[in-house]
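> Letter by letter, the chains look like this.
There are 2 protein chains.
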Amino acid sequence: MNEATARVLGALRSASGPCSGEDLSTALGVSRAQIWKHVEQLRKRGYEIDGEPGGGYRLESIPDRLYPEAIAAHLETRWLAQTIEHLEETDSTNRVANERAAGGGDHGYTVVAEAQTAGRGRLGRSFFSPPHRNLYSSSILRPQLDTSAAPTLIPSAAIAVADTLTEELGSRDGVEIKWPNDLLLGGRKTCGILMEMHAEDARVGHLVLGIGVNLNSDPSQFPEEFREQATSLSAFAGRPIDRISFAARLYSRLEAVLDEHARGGFARLRPRYEDYFQMSGRRVGVVQMDGSQWGGVAAGVDDEGMLLVDREDGVRARVVAGDVTLAKDIR
Amino acid sequence: MNEATARVLGALRSASGPCSGEDLSTALGVSRAQIWKHVEQLRKRGYEIDGEPGGGYRLESIPDRLYPEAIAAHLETRWLAQTIEHLEETDSTNRVANERAAGGGDHGYTVVAEAQTAGRGRLGRSFFSPPHRNLYSSSILRPQLDTSAAPTLIPSAAIAVADTLTEELGSRDGVEIKWPNDLLLGGRKTCGILMEMHAEDARVGHLVLGIGVNLNSDPSQFPEEFREQATSLSAFAGRPIDRISFAARLYSRLEAVLDEHARGGFARLRPRYEDYFQMSGRRVGVVQMDGSQWGGVAAGVDDEGMLLVDREDGVRARVVAGDVTLAKDIR
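Chains R and X are the protein sequences, given in the same order.
Residue numbering for the first sequence is 1 to 331, as defined by our numbering.
Residue numbering for the second sequence is 332 to 662, as defined by our numbering.
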């Protein structure tokens, strides 16, 4: 959207009643014919605006799209998502953000899509990404960070998502983090986080932090293999979710968590992670990359974000996210 | 080079005397006119071949180019550099290898250039890369590795370079590794290593390991800012270096070191690193990313490849490569 159209939208948004074309024309310093053209532009974009060229205009509704100007109206961040690239459909927001990063994209630059045709999850899995229902967002980060500290940005981001879900629900009940980086509502996956890193030697060059949250999708429409294990915030809450304000609040919480990580690392965030940690005291099976398996009781995570598991032989093992997949809980 | 031309080259290489066109034609199952065409192809590529269509052919010399077929004739690796892409000139072999990796390039795929117009070093520095003198090589690696273990591949690669330099010189005298990843001959930089990593979550997706070795360049031709601190193997040894066999031997040693790293990590390679470690017992100044400085005595490296420095207050500090640059030695 161009700047002049955005200014017309801003004026309509902040007006308490209808705005006359003449008032808009005077306030914005453009002709009434131009105002009409901007109104038409906004209507094409999905904004419902009552009124005719001769009379007054009133903004009746905004479209259910994650438009940058819509998110910006709610956004309270300093650097995250200050620039948003909105795509109606793409293969993967992470791929696009990586491309933008390679081209010099700024710290905080964010790509949002209404649909992904090849949404990606951890370990090469896919992330089901139907149109106009959810949030698929990938942000470029350029932290001053050693590669060894970067992986803990993932559980840190999970805290921000969990806090936003809690705020939306008005309660922490049923909001859990499944190590390392899945968000569960009532035991079902609602969000996935996928971080990609580009580094030179031991220094992070850029990161792409991808977050997919099931907001309004209907679990009965999920592919059969996900149906039992996945849900959406809307299905859990029993009401539709305002995607735009959810996105804006998520970015605020995410920025705060990332700033905290920059100040003190994951060590300062760990207690907040453990508040949501779904596995504490439960039996878990660990499948190593080499295929060997063993069991134990999850004890928590450490300051490096590694899972601590008390093995049957009494040894406390540290489990690296990349090295294992967790077998389903054995109770 | 196409496969038939390579077969003609192979026959000429392995022959003890001149090969008649007729013998070649029979042995390779192609017409004598075809043999002539392949010989002409080889001559265009810089191979000196005596002989005329009617008579016998003899390979007199091979060109001083890092051609894949030339390196392959000396190569004893199982997986590294089995495919070599040779470029007469490029901006940066690391950049090309990254591009190939993004396109699915295999573990071990290697890009070699005769010249780089924008050769890169650590921390955004440039690497002076004049044509036809040196080795500029970047390999794609796809190890099963956690990101936290990846940085130690850099000092591991430095061991392989140091061993190859030692083999070429017939002596370890003057061969040193300057932490973290510069190779020195007689105290002057001869090689730089730059590793780039792409990771998803805590798992390495691919790495690009770039190695630039000054082999035959003339230090008097170096840019003034490098002249005092840099040299080449040829200048140090006082004789020209066969770039082709050096490259092949380096790949063999590099593969062996990477295989050893895969089996036991840097812990198994550390003693070999410390044999070349130039700083032991010397005073070093450490400049942190935040600009603060402090001094101490270098004690060695640990199993994570971090520099151990005994500070004046008696504390042994671990220095991360990415966090600091070393001030020049204070003796």
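The set of hints was computed from the structure by calculation and includes no laboratory data.
For every residue, glycine included, the Cβ atom is placed at its ideal position computed from N, Cα and C.
A couple of the hints might just be wrong.
[To be verified] A few chain R residues facing chain X, derived, Cβ under 7 angstroms:
1. 83
2. 87
3. 117
4. 146
5. 198
6. 267
> Closer than 7 angstroms between Cβ atoms is the bar; does residue 267 of chain R clear it against chain X? Give me holds or violated.
16 angstroms, violated
> Just to be careful: measuring from the Cβ of residue 146 of chain R to every Cβ in chain X, is the smallest value less than 7 angstroms?
5 angstroms, holds
> Close enough to count: is the Cβ of residue 198 of chain R nearer than 7 angstroms to one in chain X?
This hint holds: residue 198 of chain R lies near chain X, its Cβ roughly 6 angstroms from the closest one there, short of 7 angstroms.
> Next item in the hint list is residue 83 of chain R. Is there a CB on chain X closer than 7 angstroms to its CB?
Hint on residue 83 of chain R: violated, closest Cβ of chain X at ~24 angstroms, above 7 angstroms.
> Using 7 angstroms as the Cβ threshold, decide whether residue 87 of chain R counts as touching chain X.
Given a least distance of 20 angstroms, the restraint on residue 87 of chain R is violated.
> Have a go at the residue 117 of chain R hint: is there a Cβ in chain X nearer than 7 angstroms to its own Cβ?
19 angstroms, violated
Comparing the model with each numbered hint stated earlier shows that hints 1, 2, 3 and 6 do not hold.
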